[in-house]
Amino acid sequence: MDTSREYIAIGLEGSANKLGAGIVRHNKDGSVDVLSNPRHTYITPPGSGFLPADTARHHKAWLVKIIQKSLFDAELSLEDVDCICFTKGPGMGAPLTAVAMVARTLSLLYSKPLVGVNHCVGHIEMGRLITGAQNPIVLYVSGGNTQVIAYSQQRYRIFGETLDIAVGNCLDRFARVIGLPNDPSPGFNIEQAAKKGNKLLKLPYTTKGMDISLSGLLTATSTYTTKPQFKSAAETQDDFTKEDLCFTLQEVAFAMLVETTERAMAHVGSKEVLIVGGVGCNKRLQEMMAIMAEERGGKVFATDMRFCIDNGLMIAQAGLLQHRMGQVTPLEQSNCKQRFRTDEVLVSWRSD
Amino acid sequence: MANTRTSEELRGESQLIKQGAEARVYLSQSQERSMILKWRFPKKYRHATLDRSLNKQRIQSEVKALNRAESLGVQVPRVVFTDSRDGMVAMEWLDGYSVREWLGSKAEGQVKADDGMRLDMKSVGIDRDTLMQLVGEQIAVLHLSGIIHGDLTTSNLILKHHPNAVYIIDFGLSSLKPITHYTSAEDRAVDLYVLERAFGSTHPAFEAEYTTLLNSYARRVGDAEWNKVNIKLHDVRLRGRKKSMVG
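Going down the list, the protein sequences come from chains D and A. Under the UniProt record's numbering, the first residue of the first sequence is numbered 1, with each subsequent residue one higher. Under the UniProt record's numbering, the first residue of the second sequence is numbered 1, with each subsequent residue one higher.
These aren't lab readings, by the way, just hints derived from the structure by calculation. What you are looking at is a predicted structure, and each value in this text was computed from that prediction instead of being measured. Note that beta-carbon positions come from the ideal geometry of N, C-alpha and C, so glycine has one too. Misleading hints may appear alongside valid ones.
Unchecked claim - Only pairs whose alpha carbons sit at most 30 Å apart, straight line, appear in this in silico BS3-like list of lysine-lysine: (1) D:K208 <-> A:K64; (2) A:K177 <-> A:K160; (3) A:K44 <-> D:K199; (4) A:K177 <-> D:K208; (5) D:K208 <-> A:K112; (6) A:K56 <-> D:K195; (7) D:K112 <-> D:K60; (8) D:K208 <-> A:K160; (9) A:K112 <-> A:K177; (10) A:K64 <-> A:K228; (11) D:K208 <-> A:K228; (12) A:K56 <-> D:K196; (13) D:K271 <-> A:K44; (14) A:K232 <-> D:K208; (15) A:K44 <-> D:K195; (16) A:K122 <-> D:K208; (17) A:K232 <-> A:K18; (18) A:K44 <-> D:K337; (19) D:K202 <-> A:K177; (20) A:K44 <-> D:K299; (21) D:K208 <-> D:K112; (22) D:K299 <-> A:K160; (23) A:K228 <-> D:K202; (24) A:K56 <-> D:K283; (25) D:K199 <-> A:K56; (26) A:K44 <-> D:K196; (27) D:K227 <-> A:K56; (28) D:K231 <-> D:K195; (29) A:K56 <-> D:K208; (30) D:K271 <-> A:K112; (31) A:K56 <-> D:K271.
As the list claims (entries may be wrong) - To give an idea of the interface, some chain A residues facing chain D are shown, with a C-beta separation under 10 Å as derived from the structure: (32) G20; (33) K44; (34) R46; (35) H47; (36) S53; (37) V80; (38) S84; (39) R100; (40) D114.
Let's have the full structure, built from the sequences with the hints guiding it.
Here it is as structure tokens:
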């Protein structure tokens with residue numbers, strides 16, 4: 001990479017219900033500065049999820065404001081950036097294309113190159129930047145993705161993943177079943193409720209090698225809410241509450257995640273784990289992962305809400321790495337891909 | 001022989017050789033013959049009740065599968081004794097390196113084992129194709145015995161020498177089917193697919209070798225069975241995990 005000058009990138013993210021614009025600067029000495037990273041989340045009423053068309057409408061209404069805030073916080077104008085990065089995929093179609101359209105427009109208006117970024121790679125590069133983890137096994141857990149990833153020969157290779165729904169989706173949907181609010185996020189409210197639960201109920205535990213299955217877990221947990229023993233406060237030994245269900249769901253789902261991550265660590269002989277994605281801010285998951293890592297003489301790296309939840313900065317960071325290796329996305333190839341595998345991306349900026 | 005000692009004492013006299021994903025693995029040489037002690041120690045990260053039930057269940061499936069496999073001529077380590085209360089299984093010691101170590105991760109150059117040993121296929125009189133054939137054949141024999149492994153990776157295949165033979169280990173996630181109802185094509189396909197994925201992620205340069213493996217598997221199970229599995233394998237490849245969702 002050319003290190004004779006500094007580089008600045010803006011990244012736009014809106015693949016799901018979070019909309020963000022972040023600005024990153026790579027300095028000459030190799031250090032990296034986070035200049036700004038504002039975000040706005042589309043929050044739906046309790047019991048409902050976010051639909052693609054409504055989410056796209058939210059993004060269209062907010063994106064210009066978010067970009068202006070991002071530039072204002074960084075004290076920069078769009079003239080100062082080297083490239084405009086946007087999420088090419090994976091994600092929901094309508095929200096992705098709404099953001100990509102703005103990225104294309106800005107690219108033409110300011111004559112700046114466009115860089116399309118894989119959302120998952122964005123999470124990984126952001127996590128590596130913030131935590132300083134060098135070559136970790138990555139557990140990527142969010143509303144739409146659940147993958148155990150390791151880097152090898154210029155690709156982030158997927159070792160294990162969910163066979164059906166993502167863990168965040170499983171938690172979010174259960175939150176809807178028991179009517180927890182979506183503000184600030186359903187997963188956060190599950191985490192708070194779980195702290196008050198202490199009864200472990202029986203749930204299916206499905207690991208297949210390094211892959212897991214979660215849909216049966218969601219069904220089984222939801223079925224418990226139709227039982228007569230399900231009460232707002234336990235009266236007898238057999239009773240259980242929604243807090244107990246949140247507790248059980250977390251314990252079982254996270255145990256499966258930690259177990260498959262450990263399998264990948266043992267298989268490739270790695271001592272570091274990095275947790276990224278929205279579910280990655282869950283403290284209980286971080287704690288379980290830390291205990292596992294400690295038992296293996298390893299270490300866990302995790303970030304907080306600012307960086308593990310979808311944001312624009314992660315797209316800027318991954319995009320700038322790509323751009324500095326000479327990658328540019330021509331306008332005619334700037335379409336979005338709802339399905340865009342992590343291992344499709346050539347990780348040209350790493351050579352180890 | 002081992003009856004006079006508790007499992008814990010045996011481990012104390014043994015050497016910890018590996019911390020796998022599920023268990024600590026010890027090499028015991030204090031008894032008449034060398035054994036591997038596989039101890040599923042309590043995992044503190046997960047809820048104690050959940051941990052106990054999982055460990056119990058996995059020890060049971062492991063021992064059952066190993067016993068059936070051995071009786072039907074699949075190459076697996078022999079079970080010496082089981083202490084399910086302690087979570088330990090003692091098995092015959094297989095002197096050899098895993099297929100993962102033999103393949104390494106790079107297409108060229110010499111391969112180093114986890115213990116630092118330089119591995120050279122010529123010195124043991126095998127080549128990559130033959131190794132893949134042995135693997136394919138052994139998995140076929142396993143499936144013909146009504147056993148689904150559940151976690152086939154190149155780490156769980158050991159190459160033993162004099163003569164060269166591939167042994168299958170780690171049956172904690174295995175399941176048994178009545179042999180009369182020959183294991184469903186779906187289950188066998190998923191088993192092969194897990195291995196295919198492990199190949200793709202661990203040995204990206206060796207996807208061609210995986211074809212050799214499948215061909216050898218196909219030969220061993222015969223055309224009729226292979227056709228059933230192959231159709232399912234095609235379905236499985238297109239299923240869930242290949243697709244990316246929102247996030």
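We went through each hint and held it up to the structure:
A C-alpha spacing of about 18 Å is found between K208 (chain D) and K64 (chain A), which places the hinted pair at or below 30 Å, so the restraint holds. Under the criterion of a C-alpha separation no larger than 30 Å, the hint pairing K177 (chain A) with K160 (chain A) is consistent with the structure, at around 28 Å. For the proposed pair K44 (chain A) and K199 (chain D), the alpha carbon gap of about 17 Å is at most 30 Å, so the pair holds. Distance check on the hinted pair: K177 (chain A) and K208 (chain D) sit about 17 Å apart at the alpha-carbon level, within 30 Å; holds.
Of the pairs offered as hints, the one joining K208 (chain D) and K112 (chain A) holds, with about 29 Å between alpha carbons and a cut-off of 30 Å not exceeded. For the suggested pair K56 (chain A) and K195 (chain D), the alpha carbons sit about 28 Å apart, so the restraint of at most 30 Å is met. Distance hint between K112 (chain D) and K60 (chain D) is fulfilled; the C-alpha atoms sit about 21 Å from each other, no more than 30 Å. Simply put, K208 (chain D) and K160 (chain A) have alpha-carbon atoms about 27 Å apart, close enough for the 30 Å limit, and the pair holds.
Among the hinted pairs, K112 (chain A) with K177 (chain A) is inconsistent with the structure: their alpha-carbon atoms are about 38 Å apart, more than 30 Å. Of the pairs offered as hints, the one joining K64 (chain A) and K228 (chain A) holds, with about 27 Å between alpha carbons and a cut-off of 30 Å not exceeded. Distance check on the hinted pair: K208 (chain D) and K228 (chain A) sit about 21 Å apart at the alpha-carbon level, within 30 Å; holds. The suggested pairing of K56 (chain A) with K196 (chain D) holds, with an alpha-carbon distance near 29 Å, which does not exceed 30 Å.
Simply put, K271 (chain D) and K44 (chain A) have alpha-carbon atoms about 18 Å apart, close enough for the 30 Å limit, and the pair holds. Note on K232 (chain A) and K208 (chain D): the hinted pairing holds, with a Cα-Cα distance of about 17 Å set against a maximum of 30 Å. This hinted pair checks out: K44 (chain A) and K195 (chain D) have alpha carbons roughly 18 Å apart, not beyond 30 Å. Between K122 (chain A) and K208 (chain D) the CA atoms are separated by roughly 35 Å; this puts the pair beyond 30 Å, and the hint is violated.
As the CA atoms of K232 (chain A) and K18 (chain A) are separated by approximately 35 Å, the hinted pair breaks the 30 Å bound. Between the alpha carbons of K44 (chain A) and K337 (chain D) the distance comes to roughly 41 Å, so the proposed pair goes past 30 Å and is violated. Distance hint between K202 (chain D) and K177 (chain A) is fulfilled; the C-alpha atoms sit about 25 Å from each other, no more than 30 Å. Proposed proximity of K44 (chain A) and K299 (chain D) is supported: the alpha carbons are some 16 Å apart, at most 30 Å.
Taking the CA atoms of K208 (chain D) and K112 (chain D), the gap is near 46 Å; set against the 30 Å cutoff, the hint is violated. Proximity of K299 (chain D) to K160 (chain A) is assessed by CA-CA distance (about 34 Å); at most 30 Å being required, the pair is judged violated. With a C-alpha separation of about 36 Å, the suggested pair K228 (chain A) and K202 (chain D) falls outside the 30 Å cut-off, and the hint is violated. Under the criterion of a C-alpha separation no larger than 30 Å, the hint pairing K56 (chain A) with K283 (chain D) is consistent with the structure, at around 28 Å.
Distance hint between K199 (chain D) and K56 (chain A) is fulfilled; the C-alpha atoms sit about 21 Å from each other, no more than 30 Å. Of the pairs offered as hints, the one joining K44 (chain A) and K196 (chain D) holds, with about 20 Å between alpha carbons and a cut-off of 30 Å not exceeded. About 28 Å separates the Cα atoms of K227 (chain D) and K56 (chain A), which keeps this hinted pair within 30 Å; it holds. Between K231 (chain D) and K195 (chain D) the alpha-carbon distance is near 17 Å, which keeps this suggested pair within the 30 Å criterion.
Taken as a hint, the K56 (chain A) and K208 (chain D) pair is honoured in the structure, with Cα atoms around 17 Å apart against an allowance of 30 Å. The straight-line distance between the Cα atoms of K271 (chain D) and K112 (chain A) is roughly 19 Å, inside the 30 Å bound, and the hint therefore holds. Restraint check for K56 (chain A) and K271 (chain D): the C-alpha separation of about 27 Å stays at or below 30 Å, so the hint holds. Of the supplied interface hints, the one on G20 (chain A) holds, with its beta-carbon coming within about 5 Å of a beta-carbon of chain D, less than 10 Å.
Here the hint on K44 (chain A) is kept, as its CB sits about 5 Å from the closest CB of chain D, short of 10 Å. The beta carbon of R46 (chain A) comes within 4 Å of a beta carbon in chain D, closer than 10 Å, and the hint placing it at the interface holds. The interface hint given for H47 (chain A) holds, since its Cβ lies 5 Å from the closest Cβ of chain D, which is under the 10 Å cut-off. A least Cβ separation of about 9 Å between S53 (chain A) and chain D falls short of the 10 Å threshold, and the interface hint therefore holds.
Because the smallest distance between the Cβ of V80 (chain A) and any Cβ of chain D comes to about 23 Å, over 10 Å, the interface hint for this residue is violated. Look at S84 (chain A): its Cβ only gets to about 19 Å from chain D, farther than 10 Å, so that hint breaks. The beta carbon of R100 (chain A) is positioned within 10 Å of a beta carbon in chain D (closest approach about 7 Å), and the interface hint is therefore held. Nearest Cβ of chain D to the Cβ of D114 (chain A): about 7 Å, under the 10 Å cut. The hint holds.
Hints 9, 16, 17, 18, 21, 22, 23, 37, 38 from the earlier list are contradicted by this structure; the remaining hints agree with it.
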